[in-house]
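For the protein sequence lines, the chains are A and B, in the order given.
Here our numbering is used: the first residue of the first sequence is 13, the next is one more, and so on.
Here our numbering is used: the first residue of the second sequence is 13, the next is one more, and so on.
The set of hints was computed from the structure by calculation and includes no laboratory data.
On a predicted model such as this, the values are computed, not experimentally measured, just so you know.
Misleading hints may appear alongside valid ones.
All copies of an identical chain are treated as equivalent in the list; a pair is satisfied when it fits inside any one copy or across any two copies.
[Said to hold, decoys possible] Result set (BS3-like, lysine-lysine): computed pairs, CA atoms no more than 25 Å apart in a straight line:
(1) LYS520 / LYS367
(2) LYS425 / LYS16
(3) LYS234 / LYS150
(4) LYS397 / LYS62
2 protein chains.
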Amino acid sequence: MQSKSPYESGLDKNPANYVPLSPLGFLERSARIFPDRISLIHGDQHYTWKETYSRCQQLASALTELGVKRNDTVSIIAPNIPPMYEAHFGVPMTGAVLNTINIRLDADTIAFILEHAESKVLIADSEFSDVVGTALSKLNRDITVIDILDDAVQHGSKVGSMDYETFISQAKSDYFPIQHPESEWDAISLNYTSGTTGNPKGVVYHYRGAYLNALSNALNWKMRPHPIYLWTLPMFHCNGWCFPWTIALLGGTNVCLRRVAANTIFDAIAEYKVTHFCGAPVVLNMVVNASESERKSFYHPVEVMTAAAPPPAVVLEKMEQNGFLMTHVYGLTETYGPAVICEWHQEWDEYDSAKQAQLKSRQGVPYLALAGLEIMDPKTMSSIKADGATMGETMFRGNIVMKGYLKNPNATKEAFDGGWFHSGDLGVMYPDHYIQLKDRSKDIIISGGENISSIEIEDTLFRHPAVMEAAVVALADDKWGEVPCAFVSLKPQHSPQPSEADLIQYCKENMARYKAPKKIVFGQLPKTSTGKVQKFRLRERAELIAKNNAS
Amino acid sequence: MQSKSPYESGLDKNPANYVPLSPLGFLERSARIFPDRISLIHGDQHYTWKETYSRCQQLASALTELGVKRNDTVSIIAPNIPPMYEAHFGVPMTGAVLNTINIRLDADTIAFILEHAESKVLIADSEFSDVVGTALSKLNRDITVIDILDDAVQHGSKVGSMDYETFISQAKSDYFPIQHPESEWDAISLNYTSGTTGNPKGVVYHYRGAYLNALSNALNWKMRPHPIYLWTLPMFHCNGWCFPWTIALLGGTNVCLRRVAANTIFDAIAEYKVTHFCGAPVVLNMVVNASESERKSFYHPVEVMTAAAPPPAVVLEKMEQNGFLMTHVYGLTETYGPAVICEWHQEWDEYDSAKQAQLKSRQGVPYLALAGLEIMDPKTMSSIKADGATMGETMFRGNIVMKGYLKNPNATKEAFDGGWFHSGDLGVMYPDHYIQLKDRSKDIIISGGENISSIEIEDTLFRHPAVMEAAVVALADDKWGEVPCAFVSLKPQHSPQPSEADLIQYCKENMARYKAPKKIVFGQLPKTSTGKVQKFRLRERAELIAKNNAS
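Bound-form chain A, shown alone (with noise of 0.2 Å):
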């Protein structure tokens, strides 16, 4: 029999050396070290952390007084409002997970995710009165509503039984003792993820999985203590990508939105010498095809962090000449938001702004807290060659993956066959390690045998001046089997305006001929929820053309 290894033995875990990771100790260290600084701006509303604590205790001891406990599900619908914020502290301080919904879904969507998260409560911005009250009325269970009341709202009507500012002023205390999570493990926030067909599948996060993935992004986007922080993401979509723990940690200043538009982008940076946002492309866009009177001059360095689409070199290539610090990331919900950056080398620094934006364009390598990314044949679960040109499946491993999805086993299992989670991304790994997304499993086109990349022909219409938008999906063909079709929006303002045959040229021109679209549709593009171009509308659109050029 072996004996025992000293090292096994009177060295356990104890209250004095085990302490469960939480994002909450970092809004508890920021009300004590930095009580009086700016946490939070919303117009003329402004906290301080001390503050912005207090009133994240007020909510929980209210929700606690409501008899919200552990595992409840607390949803809330707002924009990037500070209840939206004190949400991610306040709700799971009772130990309750925090659910945040998507402003733009539809009442039978919203009904659907109230019923499935069994909600016990909905925080519910007067904005969306209507939906939400139509949603209500189709569920089958009673459920307390909190309406937040907000001043710049003009319209909209109550739902609920109280005001957020009266529900959380009755609070009987606004000392509340945060109860920490009995495990790291435990679930903090459940995120409904925006399917293209069926139900939204429920990503659930852990504590653990928050506190790293808002530590990594302090660390890879190397901000400085008390950024400046821009709230353009949504912070209900993977709870804003974690940072509204990443700016409780570095005591920054979260600085409210809520409608996200050209001028209140650059009003906001002029003003509060915003340092650090976060957007999708579609953010991008917006800032880039600004107006001259929508513009404001500032003259201070500005961070931007961008992922998913993938965002064209081009734009990041502009946004870069407008005086924006580009950062590329990339992930998924069921990643926490950002799992892969774009990691710079200063040697790179030497190289002209397109190939700059090129090099940006590529998804890079893993976050911090990510152990494993990797490109792999998910049928042999090997890695593929790392060429920069052999497709695979992006597949993650580590402490910023989903618990899994709530009350969808199978789907959890599938999602992590292996010990890896399969993204449905496909990518190539090139031999510096970096990886390059080249499409959704689904949008890859095989034209005469022949992979082409979707993302490809994108990118290239998007280098053209007149381009605004641009969607490719495959066109079912007798000859080729597919070929790529093209969904472009102009910009309006911009003449001349190309032809079909025109677009097709230049494609011929920039990328392998046979990689050119035969078809460009122009038109505006279909958009999910959270602005998303929806290519299985474009896909239905691309049968109707088949169809008519069949018969």
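Starting from the known structure of chain A, arrange chain B on it as the hints suggest.
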């Protein structure tokens, strides 16, 4: 019966979403992303991160071939040279525990440590072959010894069976599959405290704490990527405050120094553009008292982290005058090195330098990964009044507190009594939640019923321009019970040299008169192997003085 929460079902840990926290991943990440950046400089030797990773794998591979396995102890006695850095990764990569041994220890203590730690392998720098040879002759068992033969060492003989370079180069493979810890609670290292009495205690660190303190170092010190880090702090001391792992995390450059002296520090700063170093006050004293011929000019910011003793305010002030940017931290071997930081407030920038140095000489607030820091009455375990005056014992709680003392359950239990780690350091809490150390429990002087802080007197003495070092202990006194007795070494070059009466008068003019020392003794101060003043020796001398006074 209560039904199970949906959050407690089907959302378990699996290899895709749970990976034990480990600082070894930092090395893998930097080697993968920044393979060609310089990782380590030692004289003419320059390694890249790819090479360092490969050498660590070789070390791990060679140790494994020797039979080293999980929970074995591998000891190393060496200054800050490449094998010492490599051991911080190569040893844990095998699953073994790294035990670094202080190079200034005597043979008896080294033998005690090798015996108590049950070391399987000792890696020993030939500069210490004499004392190591003697220590080995006192051991009752055989141990595999590997010699480090550094070109910089002229003397020294071999005591081992093989030299380090041969050992690692004969490893069958430089590809070594890292043994990630089975649990993040596994032991990563073992550090013996340099107790002033009795046998040293073996402080056991876990992977979780090493990971979290390495992250906290980067975030709390606001480090940017790719620092140039000068090794003035010994890596054998609390694993260099976890900085071997922090520098890997940041893809920085380690500048090694076999011999820490004023000229080698200034040379390295000028030659390699060092951006950061850590050092005890003894190192700072070297720097501020450097002669003109030892100095070199530098024109870039150099951040310096210092801890313990605590550093006299005047030394901090002089460092700033010498162009260094000072950060003050505090911790113990039991807290992975730094666990408390004097977090700076921007508004303090407006104070004059003396006031700033005074604020900076407070120990401050919890490190990011430290959950709790309180000043308590150890009898009642309740927090003392935060008035900057009431004294209590400094207590720690969180993930950067040790697992415990190896094979010493009683000392472990005592240290963790009441769910907090008892530091033995006395301090006060200010209303702004910053702590300041006043003394070790046993270093307080009780004179006429008043507590007098020996640190406060030392701080005052340090402000005298002729004083090089000062240490104060209690002297038995018939009238007062105890009175302060100061041991002082003077700067030899300073003229005029002050008398005992001069210094007592100086203290009376610069602090509460009753706190001034009644006795000054001039001469060199006895130091421990880590450069701390051995107050127990001074207390012995004070006893002799008291005896002479009485007779």
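Consistency of the hints with the structure:
For a Cα distance limit of 25 Å, the shortest separation of LYS520 from LYS367 inside one copy, 20 Å, qualifies, whereas the shortest one across copies, 69 Å, does not. In this assembly of identical chains, LYS425 and LYS16 lie within 25 Å of each other by CA distance solely across copies; the values are 20 Å between and 36 Å within a copy. For the identical chains of this complex, LYS234 and LYS150 are neighbours neither inside a copy (46 Å) nor across copies (51 Å), given an alpha-carbon limit of 25 Å. Within a single copy, LYS397 and LYS62 get their C-alpha atoms only as close as 53 Å, which misses the 25 Å cut-off; across copies the closest is 20 Å, which meets it.
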